[in-house]
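Now for the letters of each chain:
There are 2 protein chains.
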Amino acid sequence: MILKTLDELAEKIIGLKNVTILTHARPDGDTVGAGLGLCYFLRSRGVKANVKNSDGFPQKFGYLYKDYEDQDFEEQSVVSVDVADTKLLGDGLIGYAENVDLCIDHHYSNKLFARDSYVDSDSCAVCLIIYRLIRKLGAVPDPLIADCLYTGISTDTGCFMYENASPESHRAAADLVEYGARAAMINREMFQIKSRGRILSEQKIIGGMRFEDAGRISLIAVTNDIIESYGIDRDDLDGYAAIPLTVEGVEIGITLKQLAEPEDTYKISVRTVEADASAIAAAFGGGGHKRAAGCSLSGSLEEVSAKMIKEAEKFL
Amino acid sequence: MILKTLDELAEKIIGLKNVTILTHARPDGDTVGAGLGLCYFLRSRGVKANVKNSDGFPQKFGYLYKDYEDQDFEEQSVVSVDVADTKLLGDGLIGYAENVDLCIDHHYSNKLFARDSYVDSDSCAVCLIIYRLIRKLGAVPDPLIADCLYTGISTDTGCFMYENASPESHRAAADLVEYGARAAMINREMFQIKSRGRILSEQKIIGGMRFEDAGRISLIAVTNDIIESYGIDRDDLDGYAAIPLTVEGVEIGITLKQLAEPEDTYKISVRTVEADASAIAAAFGGGGHKRAAGCSLSGSLEEVSAKMIKEAEKFL
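Going down the list, the sequences are from chains A and B.
Just so we're on the same page, my numbering is the position in the first sequence counted from 1, plus 1229.
Just so we're on the same page, my numbering is the position in the second sequence counted from 1, plus 1229.
Keep in mind the hints are simulated off the structure, nothing from the lab.
Worth double-checking, as some hints may not be accurate.
It does not matter which identical chain is meant; a pair holds if it fits inside one copy or across any two.
Said to hold, decoys possible - In silico DSS-like cross-links for lysine-lysine, where the CA-CA straight-line distance does not exceed 27 Å:
{"id": "1", "residue 1": "Lys-1423", "residue 2": "Lys-1539"}
{"id": "2", "residue 1": "Lys-1543", "residue 2": "Lys-1233"}
{"id": "3", "residue 1": "Lys-1316", "residue 2": "Lys-1496"}
{"id": "4", "residue 1": "Lys-1539", "residue 2": "Lys-1241"}
{"id": "5", "residue 1": "Lys-1246", "residue 2": "Lys-1295"}
{"id": "6", "residue 1": "Lys-1316", "residue 2": "Lys-1519"}
{"id": "7", "residue 1": "Lys-1423", "residue 2": "Lys-1496"}
{"id": "8", "residue 1": "Lys-1423", "residue 2": "Lys-1543"}
{"id": "9", "residue 1": "Lys-1519", "residue 2": "Lys-1289"}
{"id": "10", "residue 1": "Lys-1340", "residue 2": "Lys-1496"}
{"id": "11", "residue 1": "Lys-1233", "residue 2": "Lys-1340"}
{"id": "12", "residue 1": "Lys-1433", "residue 2": "Lys-1423"}
{"id": "13", "residue 1": "Lys-1543", "residue 2": "Lys-1519"}
{"id": "14", "residue 1": "Lys-1295", "residue 2": "Lys-1281"}
{"id": "15", "residue 1": "Lys-1241", "residue 2": "Lys-1365"}
{"id": "16", "residue 1": "Lys-1233", "residue 2": "Lys-1316"}
{"id": "17", "residue 1": "Lys-1496", "residue 2": "Lys-1519"}
So that you can see chain A by itself, here it is in the shape it has in the complex (with noise of 0.2 Å):
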C-alpha cells in the first residue's frame, strides 16, 4: 500500500513492535542518520528497535552510534530508510528483500518493495521525513536524534549548498540545531577532514588534470597506480568526480576511474553544468541524469580520454 499523508505512515510507526531498521549498502549520512534517528525515537517510546547494515556503519558516524547496542528481542516489524530498491540492501541483508513491512524513503525511483511505502520525493533527506514523523507524533528529537537527523539532511544537501536545500530543510535544522544537534562538530567531520591519501591523492590527481576545447573540457583520471600508491578504498572513489566542474570555466567534467580487474576498462563520470550528461554517456551505452551520468569504456587511458572529450564536444 502507498501511504500518502504523513498521518498515515504516523499510524503505521505506532503501530510498530520488535523493529529491525535496514539501511542501504555503502551507507551515507542520511540512511545511517534516518536509521538510528528512528531507532532511538522508537526506543525512547518503549519500543524495542535494532538497525543493520549489510557492511557495518563507517567509523566517521561513531558520533552517532558510539553507544549503540543491539537489543534481544523476536523480530516483528521490518523497516526501511533510504533505500530505492532491494539490491542496495547488500549482501547481508538481502534476505529481508521480500519481508519489508514498511518503506521510508525519498528517491523517485523507489521499487515499491515494501508492504507498505512512504515515498516523498520533495525531501531532501529521509531525515527530514522521521524529523516531520517525529514532530506530528508531538514528541521533540533528544540530543543524540538531533544530531542524527541533522547528519542527514546536512549530507544529502552537500550542508546546504545544492537545489534541495528547501526552506523546510533549513527550518529543520533550525530547529535541530535547538535541540541540541552539534552543527559545526558533525560538518567539519563530514564535509572538511579528509585523509592524508585521499587529499595527497586529489593534488595528484588535478596535478595531472587535462583541459580541452579552451578550458570548456577537463578530464581527469584515477588510475590504480594512484589508488595503490595513496592507499585508497576503491568504495570511496565517489567525491572525485565533482573536481573537474569545480575549476572555473568548465562545462563538461569527465573522470575516469580505472578498474581493478580487468585494468583496461574505465568506468567513467560525466558531470555537466548545461550540456546533457546523460546524452554524452549513452553514446557509450550508459545513462543517468542530465547533469551525472556515467558509462564503461575499454582501451587504453590516452584512446579512452579521446573518445570520451570526441564525444563532449559534440554538446559544447
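Chain B: place on chain A using the hints.
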C-alpha cells in the same frame, strides 16, 4: 551613540536621505551583500542611495550588481556596513573616516567610529541584521535583495558549516529562498568554482605538505615561486590557511606565505583544532584568536619552518 535595539536602528534608517553606503576594502560577500541589499531596499522606498568600495566589487559578485548604476544626488547621510574600523575602508574611502553617520556591524572589535553605531556580534553576518531590519520595517525583500542577503549569510557561515550558523541564520536563509534568492547558483559561485591557477596551485602546495609528530602538525608553504608560476593574486591568499587542518589527524596547521619583498620574510597563519593558536603566534610577536592566529618570521624557508614546528610541538 550606541543603538541598542533594532527599533532604534530602524528609526535611524527611516530618517536617512541621499545615502552613501560604505563597504570595506577587499570586499567579501557580507559587505557586498549588505551594502547592495541596503541600497536596493532604500531605493525601493524612494530614498536615493549609492554603494561605494575602495577596490570596486569583484567580478564574482556580478550577479548582485550587474544592473546597478550610481544615482545622482547631494550626499546627506553616510552609512557603513561590515566595517569594524575606519582603516578597513581602504585608500579610496578613507576620507569618510570622520564622517560616518551610522555604522551597522557584527564585529565585537568594532571601534565605534561613527556618530551612531549598531553592533550585534551575535549575528553571523551584517546581512542578517539588514534582513531583520527590513522585516522590522514591515517590508519583505524582493528577489535581488534576497540574493544579496543570502550571499552574506552563506559566505560568512561557510555555507552554514561553522558554529555561527545559528538557528536564526537558517530561518533567515529559508525565508530568503522563499523570497527568491537563487541559493544553489550563489553557493556554486561562492564556494565551488575556483580559477584554474588556484586549483593547480593548491595541488602543488598540498603535494609539498609537510607532516610532523606522527601527522599531528602539518605545514604548507605558499612561496613566490608558486604565486608567480600560477598567477595567483597576492590579495587572494586567505583560503590556503584552511588546508592543513583538512587532513585527518592534524591538530595544528601552519601556513607560510612568502612576502614579495623582502623575500626572506614569511607571513604565518596558525590554525588549531584544540590548541591555543594565539599563544603559538605570540611566541614570535604575533597574536589572534584561540583557533586562528598569525605572526611573521624572517629566515630561510627551512629555518622558519623549523622554528614554527618546534614552537607548535609545545602545544601538542
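Status of the hints after comparison with the structure:
1. Taking the shortest alpha-carbon separations for Lys-1423 and Lys-1539, only the inter-copy value of 25 Å comes in at or below 27 Å, while the best intra-copy value is 34 Å.
2. For the homomeric pair Lys-1543 and Lys-1233, neither the shortest alpha-carbon distance inside one copy (43 Å) nor that between copies (61 Å) is at most 27 Å.
3. Proximity of Lys-1316 to Lys-1496 under the C-alpha cut-off of 27 Å is restricted to the intra-copy arrangement: shortest distance 20 Å within a copy versus 54 Å between copies.
4. With identical chains, the CA atoms of Lys-1539 and Lys-1241 are never at most 27 Å apart, being 53 Å at best within one copy and 61 Å at best between copies.
5. In this homomeric assembly, Lys-1246 and Lys-1295 come within 27 Å of each other (Cα to Cα) only inside a single copy, at 24 Å, whereas the closest approach across copies is 59 Å.
6. Proximity of Lys-1316 to Lys-1519 under the C-alpha cut-off of 27 Å is restricted to the intra-copy arrangement: shortest distance 24 Å within a copy versus 49 Å between copies.
7. Taking CA atoms no more than 27 Å apart as the test, Lys-1423 paired with Lys-1496 passes in both settings, with 23 Å inside one copy and 26 Å between copies.
8. Within a single copy, Lys-1423 and Lys-1543 get their C-alpha atoms only as close as 36 Å, which misses the 27 Å cut-off; across copies the closest is 25 Å, which meets it.
9. In this homomeric assembly, Lys-1519 and Lys-1289 come within 27 Å of each other (Cα to Cα) only across copies, at 26 Å, whereas the closest approach inside a single copy is 31 Å.
10. For a Cα distance limit of 27 Å, the shortest separation of Lys-1340 from Lys-1496 inside one copy, 25 Å, qualifies, whereas the shortest one across copies, 57 Å, does not.
11. With identical chains, the CA atoms of Lys-1233 and Lys-1340 are at most 27 Å apart within one copy only, with a shortest distance of 16 Å there and 57 Å across copies.
12. Taking the shortest Cα distances, Lys-1433 and Lys-1423 sit within 27 Å of each other both inside one copy (15 Å) and across copies (17 Å).
13. When the C-alpha separation of Lys-1543 and Lys-1519 is checked against a cutoff of 27 Å, the pair qualifies only within one copy, where the shortest distance is 15 Å, while the shortest distance between copies is 53 Å.
14. Taking the closest pair of Cα atoms, Lys-1295 and Lys-1281 come within 27 Å of each other only inside a single copy of the chain (15 Å); across copies the shortest separation is 53 Å, beyond that limit.
15. When the C-alpha separation of Lys-1241 and Lys-1365 is checked against a cutoff of 27 Å, the pair qualifies only within one copy, where the shortest distance is 13 Å, while the shortest distance between copies is 43 Å.
16. Taking identical chains as interchangeable, the C-alpha atoms of Lys-1233 and Lys-1316 lie at most 27 Å apart only when both belong to the same chain, with a minimum of 24 Å there against 60 Å between chains.
17. In this assembly of identical chains, Lys-1496 and Lys-1519 lie within 27 Å of each other by CA distance solely inside one copy; the values are 18 Å within and 45 Å between copies.
Comparing the model with each numbered hint stated earlier shows that hints 2 and 4 do not hold.
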